[in-house]
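So the protein lines, in turn, are chains R and D. This note's numbering puts the first sequence at residues 1 to 113. This note's numbering puts the second sequence at residues 1 to 113.
To be clear, the hints were calculated from the coordinates, so they are not data collected in a lab. Model, not experiment: these values are computed from the prediction. The beta carbon of each residue, even a glycine, is placed where N, CA and C say it ideally should be. Careful: at least some of the hints might be erroneous.
To be verified - Just the calculated beta-carbon pair ranges, DEER-fashion: (1) D:Gln42 with R:Asp56: 22 to 32 Å; (2) D:Leu46 with R:Gly40: 19 to 29 Å; (3) R:Ala82 with D:Ala54: 42 to 52 Å; (4) D:Ser14 with R:Pro39: 18 to 28 Å.
What the hints assert, rightly or not - Derived pair list, reagent style DSSO-like, types lysine-lysine, alpha-carbon separation capped at 30 Å: (5) D:Lys105 with D:Lys68; (6) D:Lys69 with D:Lys58; (7) R:Lys9 with D:Lys68; (8) R:Lys14 with D:Lys105; (9) D:Lys69 with D:Lys105; (10) D:Lys68 with D:Lys58.
To be verified - Facing chain R, according to a computed beta carbon distance under 7 Å, are these residues of chain D, among others: (11) Tyr32; (12) Leu44; (13) Leu48; (14) Lys49; (15) Thr51; (16) Ala53; (17) Ala86; (18) Ser94; (19) Asn99; (20) Phe103; (21) Lys105; (22) Gly106.
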Amino acid sequence: NAGVTQTPKFQVLKTGQSMTLQCAQDMNHEYMSWYRQDPGMGLRLIHYSVGAGITDQGEVPNGYNVSRSTTEDFPLRLLSAAPSQTSVYFCASSSPTEAYEQYFGPGTRLTVT
Amino acid sequence: AQSVTQLGSHVSVSEGALVLLRCNYSSSVPPYLFWYVQYPNQGLQLLLKYTSAATLVKGINGFEAEFKKSETSFHLTKPSAHMSDAAEYFCAVSEYGNNRLAFGKGNQVVVIP
């Protein structure tokens, strides 16, 4: 099993550009989440999904969109990048059968100039 | 909504000394509690989790944590620090039946030879 994979590993964007961060998992987990990590802030939940076709907002959803068309994939879209979105982004998956233990991907380091 | 408090963003410990990282949580229902470790430029790895079974939980790399409901705490300990324990540690809480994970702001552990 590859677990949770994320692409790209690094990305630099200019203000106003859009892009999609990819996330995939091969553990057949129902739940998937996106977090951003900023120094001194811990991890904050952006959006999450409890199954294909079902998504909801987390703590910091503004400026981001998600969709979940399959169990495996959960892409995160930045609509119009801003310098405040410079961060490290982590995708995670989990299952209620494992007490919602979250399995994390390796992260995407995004810089917006 | 659930929340976590971790005090002391940076923790220095001598090699061979006790490692103690404090975590206090807030939750309106019985919680699931987690400790994750993050090594530089990597994703998060689960150290241990509490899911309402035994209150003393043993994890990987010699770490353990004790759930104390009366104190709403889940402190992480390791009897003897090793240089390889230098990393950032995050406490997290989710409520029973809820996929949403709330993280503390993390403790950066430095091990002094």
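- Run the structure past the numbered hints and jot down the numbers of the failing ones, going up. Of the numbered hints given earlier, those the structure breaks are 7, 13, 16 and 17, listed in rising order.
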